[in-house]
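First to last, the protein sequences are chains A and B.
In terms of this note's numbering, the first sequence opens at residue 1 and continues consecutively.
In terms of this note's numbering, the second sequence opens at residue 1 and continues consecutively.
Please note that the accuracy of each hint is not assured.
Just some of the chain A residues that point at chain B, by a computed CB distance under 7 Å [stated by the list, open to error]:
hint, residue
1, Q29
2, T32
3, F39
4, S43
5, L44
6, G53
7, P97
8, Q105
9, P109
Calculated lysine to any residue pairs in the SDA-like style (CA-CA distance at most 25 Å, straight line) [what the hints assert, rightly or not]:
hint, chain 1, residue 1, chain 2, residue 2
10, B, K99, A, P109
11, A, K41, B, P40
12, B, K99, A, I12
13, A, K64, B, I101
14, A, K41, B, V13
15, B, K70, A, E104
16, B, K99, A, S73
Stretch-level coverage of chain B by chain A, calculated; a stretch enters the list once three of its residues show a Cβ under 8 Å from a Cβ in chain A [stated by the list, open to error]:
hint, region
17, 42-56
18, 94-100
Source of the hints: derived by calculation from the structure; they are not laboratory data.
Don't be surprised by glycine CBs; every beta carbon is placed ideally from N, CA and C.
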Amino acid sequence: GAVVSQHPSWVICKSGTSVKIECRSLDFQATTMFWYRQFPKQSLMLMATSNEGSKATYEQGVEKDKFLINHASLTLSTLTVTSAHPEDSSFYICSAPGTGSYNEQFFGPGTRLTVL
Amino acid sequence: AQTVTQSQPEMSVQEAETVTLSCTYDTSESDYYLFWYKQPPSRQMILVIRQEAYKQQNATENRFSVNFQKAAKSFSLKISDSQLGDAAMYFCAYTRDDKIIFGKGTRLHILP
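Taking the hints into account, I'd like the entire structure generated from these sequences.
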């Protein structure tokens, strides 16, 4: 089956620094990938749609300059949290749609970000 | 706008018993997909079952089955012979095209 990886699985950084999270589709190509944020005991909140070869589409209320998304290739999307603050601490998950007819999303294992 | 509602924040079921998780959704589209995802403590999202809206037959995957009522916009998940490994957060989800919308989730506890 389709596999999506994320790196790193967890990261701790100081306030004011930037952190990059990678999302890779390992055995399939993805022209579109999605980034979610999940707070403890809550659901996944869609942050943005990453589009290969074009700008990302952000959901309402998500700061474009805070969360930079780059879809560098058909297998890689990156999320950079710029000038991170403690309130940016969260669990970030990416997903990519499969190539079959079921519209299924394949999810990465997530990245836990802690900003001190 | 599409919304997904899960009215049961938490549920408990005795091991080997059957439990049903509720989900309703709101959409004006006629062609879409519905999913149930499981998120165990590892937090990896795992697909449990999928349903295409144009199919009237309810989807079944081993111990997991759905009751899809398109007119009522209802999509409940039934877990039969509950096992300890079924303990997790369960998210109902709607998708059309590629974007997926999740409900708030139901935490399922399995009582030994």
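How the hints compare with the structure:
The closest approach between the C-beta of A:Q29 and any C-beta of chain B is roughly 14 Å, which is over the 7 Å cut-off, so the hint fails. Interface hint at A:T32: satisfied, since its Cβ lies 6 Å from the closest Cβ of chain B, which is below the 7 Å cut-off. With 7 Å as the threshold, the beta carbon of A:F39 stays out of range of chain B, its nearest partner Cβ sitting at about 11 Å, so the hint is violated. For the restraint placing A:S43 at the interface with chain B, the shortest Cβ-Cβ distance is roughly 5 Å, inside the 7 Å limit, so the hint holds.
With its C-beta approaching chain B no nearer than about 5 Å, A:L44 sits inside the 7 Å limit, and its interface hint holds. Nearest Cβ of chain B to the Cβ of A:G53: about 16 Å, over the 7 Å cut. The hint is violated. Below 7 Å, beta-carbon pairs count as interface contacts, and A:P97 has one with chain B at about 5 Å; its hint therefore holds. A hinted interface residue such as A:Q105 counts as satisfied when its beta carbon comes closer than 7 Å to some beta carbon of chain B; here the least separation is about 5 Å, so the hint holds.
Of the supplied interface hints, the one on A:P109 holds, with its beta-carbon coming within about 5 Å of a beta-carbon of chain B, less than 7 Å. The straight-line distance between the Cα atoms of B:K99 and A:P109 is roughly 19 Å, inside the 25 Å bound, and the hint therefore holds. Proposed proximity of A:K41 and B:P40 is supported: the alpha carbons are some 12 Å apart, at most 25 Å. At roughly 30 Å between alpha-carbon atoms, B:K99 and A:I12 are farther apart than 25 Å, so this suggested pair is violated.
Simply put, A:K64 and B:I101 have alpha-carbon atoms about 20 Å apart, close enough for the 25 Å limit, and the pair holds. Among the hinted pairs, A:K41 with B:V13 is consistent with the structure: their alpha-carbon atoms are about 20 Å apart, no more than 25 Å. A threshold of 25 Å between alpha carbons decides the hint, and for B:K70 with A:E104 the separation of about 20 Å falls inside it, so the pair holds. Taken as a hint, the B:K99 and A:S73 pair is honoured in the structure, with Cα atoms around 20 Å apart against an allowance of 25 Å.
Coverage of a stretch by a chain is defined here by at least three residues with a beta carbon nearer than 8 Å to that chain's beta carbons; for the region 42-56 of chain B and chain A the count is 7, and the condition holds. Three residues within the 8 Å Cβ limit are the bar, and the region 94-100 of chain B against chain A gives 6, so the coverage statement holds.
Checked against the numbered hints above, the structure violates hints 1, 3, 6, 12; every other hint is satisfied.
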